[in-house]
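Protein chains: 2
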Amino acid sequence: MQRYFIDNRYSESSPVIITGEDYHHIVRVMRMKEDDHIYVVFPDQSSAAARIETISSDSVEAVVVEWETDTKELPVKVAIASGLPKGDKLELIFQKGTELGADQFIPFTADRSIVKWDEKKAKKKLDRWEKIVKEAAEQSHRNVVPSVSSPVSFKELLTLSKHFDHTLVAYEEEARTGEKSNLSRTLGSIKDGESILVVFGPEGGLTENEVGRCRQEGFLICGLGPRILRTETAPLYVLSAMSYQLELMR
Amino acid sequence: MQRYFIDNRYSESSPVIITGEDYHHIVRVMRMKEDDHIYVVFPDQSSAAARIETISSDSVEAVVVEWETDTKELPVKVAIASGLPKGDKLELIFQKGTELGADQFIPFTADRSIVKWDEKKAKKKLDRWEKIVKEAAEQSHRNVVPSVSSPVSFKELLTLSKHFDHTLVAYEEEARTGEKSNLSRTLGSIKDGESILVVFGPEGGLTENEVGRCRQEGFLICGLGPRILRTETAPLYVLSAMSYQLELMR
Numbered sequence: 000m001q002r003y004f005i006d007n008r009y010s011e012s013s014p015v016i017i018t019g020e021d022y023h024h025i026v027r028v029m030r031m032k033e034d035d036h037i038y039v040v041f042p043d044q045s046s047a048a049a050r051i052e053t054i055s056s057d058s059v060e061a062v063v064v065e066w067e068t069d070t071k072e073l074p075v076k077v078a079i080a081s082g083l084p085k086g087d088k089l090e091l092i093f094q095k096g097t098e099l100g101a102d103q104f105i106p107f108t109a110d111r112s113i114v115k116w117d118e119k120k121a122k123k124k125l126d127r128w129e130k131i132v133k134e135a136a137e138q139s140h141r142n143v144v145p146s147v148s149s150p151v152s153f154k155e156l157l158t159l160s161k162h163f164d165h166t167l168v169a170y171e172e173e174a175r176t177g178e179k180s181n182l183s184r185t186l187g188s189i190k191d192g193e194s195i196l197v198v199f200g201p202e203g204g205l206t207e208n209e210v211g212r213c214r215q216e217g218f219l220i221c222g223l224g225p226r227i228l229r230t231e232t233a234p235l236y237v238l239s240a241m242s243y244q245l246e247l248m249r
Numbered sequence: 000m001q002r003y004f005i006d007n008r009y010s011e012s013s014p015v016i017i018t019g020e021d022y023h024h025i026v027r028v029m030r031m032k033e034d035d036h037i038y039v040v041f042p043d044q045s046s047a048a049a050r051i052e053t054i055s056s057d058s059v060e061a062v063v064v065e066w067e068t069d070t071k072e073l074p075v076k077v078a079i080a081s082g083l084p085k086g087d088k089l090e091l092i093f094q095k096g097t098e099l100g101a102d103q104f105i106p107f108t109a110d111r112s113i114v115k116w117d118e119k120k121a122k123k124k125l126d127r128w129e130k131i132v133k134e135a136a137e138q139s140h141r142n143v144v145p146s147v148s149s150p151v152s153f154k155e156l157l158t159l160s161k162h163f164d165h166t167l168v169a170y171e172e173e174a175r176t177g178e179k180s181n182l183s184r185t186l187g188s189i190k191d192g193e194s195i196l197v198v199f200g201p202e203g204g205l206t207e208n209e210v211g212r213c214r215q216e217g218f219l220i221c222g223l224g225p226r227i228l229r230t231e232t233a234p235l236y237v238l239s240a241m242s243y244q245l246e247l248m249r
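One line per chain: the protein sequences are A and B, in this order.
Residue 0 is where the first sequence starts when you use numbering that gives the first Met the number 0, and the numbers rise one by one after that.
Residue 0 is where the second sequence starts when you use numbering that gives the first Met the number 0, and the numbers rise one by one after that.
Any given hint could turn out to be false.
[As the list claims (entries may be wrong)] Keeping only pairs whose Cα atoms sit at most 30 Å apart, straight-line, the calculated DSBU-like set for lysine-lysine is:
| # | chain 1 | residue 1 | chain 2 | residue 2 |
| --- | --- | --- | --- | --- |
| 1 | B | K124 | A | K88 |
| 2 | B | K120 | A | K88 |
| 3 | A | K115 | A | K133 |
| 4 | B | K133 | A | K85 |
| 5 | A | K123 | B | K88 |
| 6 | B | K85 | A | K115 |
| 7 | A | K120 | A | K71 |
| 8 | B | K85 | A | K88 |
| 9 | A | K133 | B | K88 |
| 10 | A | K133 | B | K85 |
| 11 | A | K88 | B | K88 |
| 12 | A | K130 | B | K161 |
| 13 | B | K133 | B | K161 |
| 14 | B | K123 | A | K85 |
| 15 | A | K32 | A | K88 |
| 16 | A | K120 | A | K85 |
| 17 | A | K71 | A | K115 |
| 18 | B | K124 | A | K32 |
| 19 | B | K71 | B | K124 |
| 20 | A | K32 | A | K124 |
| 21 | B | K88 | A | K85 |
| 22 | B | K161 | A | K88 |
| 23 | B | K32 | A | K76 |
| 24 | B | K88 | A | K76 |
| 25 | B | K85 | A | K123 |
| 26 | B | K115 | A | K85 |
| 27 | B | K190 | A | K88 |
| 28 | A | K124 | B | K124 |
| 29 | A | K76 | A | K123 |
| 30 | A | K85 | B | K161 |
| 31 | B | K88 | A | K130 |
| 32 | B | K120 | A | K71 |
| 33 | A | K85 | B | K130 |
| 34 | A | K85 | B | K85 |
| 35 | B | K154 | A | K88 |
| 36 | B | K85 | A | K124 |
| 37 | B | K161 | B | K190 |
| 38 | A | K133 | A | K120 |
| 39 | B | K133 | A | K88 |
| 40 | A | K120 | B | K32 |
What the hints contain is simulated information worked out from the structure, not anything from laboratory work.
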């Protein structure tokens, strides 16, 4: 059943009104009719099954039928910081990372990032990223649309890192030396509601200098097993491990 | 450092000889010279750093410098069976699944598979899949190139399943009802060297009938957490969870 994020808060006294792109999607793409059902998610993250009551020329009105009570969100808030990679790899990270429960995406310009961030195209690119994330959140039945920011500098990333309860760097050189306990130790001790930032390099990885500066800021350096993961695969590994440890193993 | 799978067994008395596509890659793509280093992996899964000794017009000769002793492979053999999805999703599963340690890929025609398998294009498609898997195995520094088969029928899949020590089906309806212990219970009890088959539906999922038949054959039905994962994301979740449990948590 299709899921839509509603901009307005729920009110008992009036129907849920859907306009704009979601209206278009319900009426033109899904070709839904009155009495069909959808899921609606409100800004306070509450969600419900709703029945379409009326379809007019520019809006759909629906009424809540049954509130959802199960939790769709990871018990911790995970931010994924990716060194700007080439091509559309970032889009894959955003789409799959949203399905896997990330709360926030922070691209950053790493020493080995080859792509230059084009400020002229920034607005368009950010719009596209936000659309990918919103659609993935709807599709995966989440109650939160993760936030995506424009790329920050490495220095800005270190400043942002101070707001997190836990900070990790995925570093393949560390995996080569057999480091394998920092991720599981962190996930074993993290408490519900805490926040965690995980930093990933671009193709070619982070430089020793970048890793050293993270270490100074108190980041834990973690390996992700003996195989070398691509820059877009590593975040998916970490998010899957988090879900496995914090949702399935409990 | 680049990694190449060698067709011939290692012999102490002669150099490692590389021809064909790998020759082309070393000389034309990577533009390597004599005395440059590569990794070589032999059919018995032993691997070593090797130094290029001579480059001729159609072959590279290299000598083993140092054998690798660390384990790159998951301690269990994982087969991923995917209901034929649309587009290039299968290629994403093969590439990322190889990075994440899968041993075997078995596509199958599921009730809800929309794509028809074109026997005329079968050879070309399988060649392409095998290339994707080989390159991903090289890139991720594995010692095994996973096998990929042409799509089998669901009935054939059930027959194949008898060869595995453990069999699981990922089923989103089961996740909705809160099933969350079968994956972690299986990974908690699986022994090194054992084999496991995990079956995933195409877009739209497996039908109740398919899941019922799996259940009759002794498959465990498992949920993968509260969010709905796309058909190409679910196998990556399971492989990541396996690596996390069997490689990082030990």
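Now for the hints, and whether the structure bears them out:
1. Between K124/B and K88/A the alpha-carbon distance is near 24 Å, which keeps this suggested pair within the 30 Å criterion.
2. Only pairs whose Cα atoms come within 30 Å are accepted, and K120/B paired with K88/A is accepted, the gap being roughly 29 Å.
3. Only pairs whose Cα atoms come within 30 Å are accepted, and K115/A paired with K133/A is accepted, the gap being roughly 25 Å.
4. Restraint check: the Cα-Cα separation between K133/B and K85/A comes to about 22 Å, which is no more than 30 Å; the hinted pair holds.
5. For the suggested pair K123/A and K88/B, the alpha carbons sit about 26 Å apart, so the restraint of at most 30 Å is met.
6. Between K85/B and K115/A the alpha-carbon distance is near 33 Å, which puts this suggested pair outside the 30 Å criterion.
7. For the hint linking K120/A to K71/A, the alpha-carbon distance of about 34 Å lies beyond 30 Å, and the restraint is violated.
8. Taking the CA atoms of K85/B and K88/A, the gap is near 20 Å; set against the 30 Å cutoff, the hint holds.
9. For the suggested pair K133/A and K88/B, the alpha carbons sit about 20 Å apart, so the restraint of at most 30 Å is met.
10. This hinted pair checks out: K133/A and K85/B have alpha carbons roughly 22 Å apart, not beyond 30 Å.
11. At roughly 15 Å between alpha-carbon atoms, K88/A and K88/B fall within 30 Å of each other, so this suggested pair holds.
12. Taking the CA atoms of K130/A and K161/B, the gap is near 44 Å; set against the 30 Å cutoff, the hint is violated.
13. About 27 Å separates the Cα atoms of K133/B and K161/B, which keeps this hinted pair within 30 Å; it holds.
14. Straight-line distance between C-alpha atoms of K123/B and K85/A comes to about 28 Å, which keeps the hinted pair within the 30 Å bound.
15. Annotation: proposed proximity of K32/A to K88/A is violated, straight-line Cα distance about 37 Å (limit 30 Å).
16. In summary, the hint linking K120/A to K85/A is supported, as the alpha carbons are separated by about 16 Å, within the 30 Å threshold.
17. With a C-alpha separation of about 36 Å, the suggested pairing of K71/A with K115/A is violated against the 30 Å cut-off.
18. Proximity of K124/B to K32/A is assessed by CA-CA distance (about 41 Å); at most 30 Å being required, the pair is judged violated.
19. In summary, the hint linking K71/B to K124/B is supported, as the alpha carbons are separated by about 28 Å, within the 30 Å threshold.
20. Note on K32/A and K124/A: the hinted pairing is violated, with a Cα-Cα distance of about 34 Å set against a maximum of 30 Å.
21. Note on K88/B and K85/A: the hinted pairing holds, with a Cα-Cα distance of about 20 Å set against a maximum of 30 Å.
22. Taking the CA atoms of K161/B and K88/A, the gap is about 38 Å. The hint is violated against a cut of 30 Å.
23. Taking the CA atoms of K32/B and K76/A, the gap is near 48 Å; set against the 30 Å cutoff, the hint is violated.
24. For the hint pairing K88/B with K76/A, the CA-to-CA distance comes to about 29 Å; that is within 30 Å, so the pair holds.
25. Straight-line distance between C-alpha atoms of K85/B and K123/A comes to about 28 Å, which keeps the hinted pair within the 30 Å bound.
26. Among the hinted pairs, K115/B with K85/A is inconsistent with the structure: their alpha-carbon atoms are about 33 Å apart, more than 30 Å.
27. Distance check on the hinted pair: K190/B and K88/A sit about 35 Å apart at the alpha-carbon level, beyond 30 Å; violated.
28. A hinted pair counts as satisfied when its Cα atoms are at most 30 Å apart, and K124/A with K124/B does not qualify at roughly 34 Å.
29. Pair hint K76/A plus K123/A holds up; C-alpha atoms about 27 Å apart against a cutoff of 30 Å.
30. Between the alpha carbons of K85/A and K161/B the distance comes to roughly 43 Å, so the proposed pair goes past 30 Å and is violated.
31. A distance of roughly 20 Å separates the Cα atoms of K88/B and K130/A; the hinted pair therefore holds under the 30 Å criterion.
32. Among the hinted pairs, K120/B with K71/A is inconsistent with the structure: their alpha-carbon atoms are about 41 Å apart, more than 30 Å.
33. Simply put, K85/A and K130/B have alpha-carbon atoms about 22 Å apart, close enough for the 30 Å limit, and the pair holds.
34. Between K85/A and K85/B the CA atoms are separated by roughly 25 Å; this keeps the pair inside 30 Å, and the hint holds.
35. For a cut-off of 30 Å, the pair hint linking K154/B to K88/A is broken: about 37 Å separates their Cα positions.
36. Note on K85/B and K124/A: the hinted pairing holds, with a Cα-Cα distance of about 26 Å set against a maximum of 30 Å.
37. The suggested pairing of K161/B with K190/B holds, with an alpha-carbon distance near 18 Å, which does not exceed 30 Å.
38. Straight-line distance between C-alpha atoms of K133/A and K120/A comes to about 20 Å, which keeps the hinted pair within the 30 Å bound.
39. Restraint check: the Cα-Cα separation between K133/B and K88/A comes to about 20 Å, which is no more than 30 Å; the hinted pair holds.
40. With a C-alpha separation of about 41 Å, the suggested pair K120/A and K32/B falls outside the 30 Å cut-off, and the hint is violated.
In terms of the numbered hints stated before, the structure departs from hints 6, 7, 12, 15, 17, 18, 20, 22, 23, 26, 27, 28, 30, 32, 35, 40, listed from lowest to highest.
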